[in-house]
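Undergrad: Residue numbers for the sequence shown follow our numbering, so the first one is 13 and each next one is one higher.
These are computed hints drawn from the structure, not numbers from a lab. Hints should not be assumed to be uniformly reliable.
Below, in silico cross-link-like pairs of lysine-lysine (BS3-like), each with a Cα-Cα straight-line distance of 30 Å or less [as the list claims (entries may be wrong)]:
| # | residue 1 | residue 2 |
| --- | --- | --- |
| 1 | K201 | K132 |
| 2 | K29 | K145 |
| 3 | K145 | K168 |
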Amino acid sequence: MARFPRYAVSELCELLKDDLSRNTARSRALPIDTQMLAALQFYASGSFQWMVGRSCGLSQSAVSHCVGDVTDALLKRSPEYISFPTDTPTLRSTTKQSLYTVAHFPNVIGAIDCTHIPIKAPSVNEEACVDRKGTHSVNVEAVCDADMRLLDVVAKWPGSSHDSFIWRSSDLRDVFSHGLVQGGWLLGKPVSFTLQRVSKFYLQSLWGKISYFQHRKYQNLWMNNS
C-alpha cells in the first residue's frame, strides 16, 4: 500500500462510488474509501482478513464484504480499461512507437508473460493448483504496453497449467491466428514460449517468413538493450 499513491485511491473511489455506496436502515454504511482501502490492503498483503480488519477497525466479516464488493466492482469496469488494440492506427502510432523507445526493438505491440499468484489450497481439485515449485497458485497470463498498462489478462487457470497451454487457450491467440491484428509482435522472455512458439507459429504471417536464426538475432538484440 505504501507504493500505491493517494490520488489513485481517490480516483478508484470516485470511479466505483455508484457500486460501493448503499443505503441501509439499520446503521451507517461503511464509507467508500474504507471499503476500498480494506480491499486494497488485502490484495497487497494476501494476509488473513481478520488481520486486515485489525489495522482499519473492521471485523473479519466486514473485510470479507469489502473485498467481495470491490472485486465485483473492479471486474465490472475492467473491460473499459483492459482492452487489446486491434486498429492499425493505434498500433502504429501509439503502441509500437512507445515500445520501440524502450529498447529499439521494432514492430512490438505488447509484452507478454505468465506469473503465478499464490492462493490458499482449494477444497476441490487441490492438486491442479500445485505449481512446479510445489505451492498452490493461479497461473496468470498478462500483456502490457510500454507504460505498464494491461492490455489483456487471463486469470482462470490453476498453477499446474503450462504457459504455452494458457496461450493456446486464450482469446488473444485467436485474435492473432485469425489475422485481426496486422503487422506486429508479442514479445516475451527469450527463454519462454512466447517469442519462439507464438511468433514462429502464429505471428510469422504478420511480419513475413521469419527463420529460426532471425529469431535468435532479435532475441540477442532484445537482451543487449534490456
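Undergrad: Would you mind marking each hint as holding or not holding in the structure?
TA: Comparing the hints with the structure gives:
About 28 Å separates the Cα atoms of K201 and K132, which keeps this hinted pair within 30 Å; it holds. At roughly 40 Å between alpha-carbon atoms, K29 and K145 are farther apart than 30 Å, so this suggested pair is violated. For the hint linking K145 to K168, the alpha-carbon distance of about 19 Å falls within 30 Å, and the restraint holds.
Taken one by one, the earlier hints fail for this structure only at number 2.
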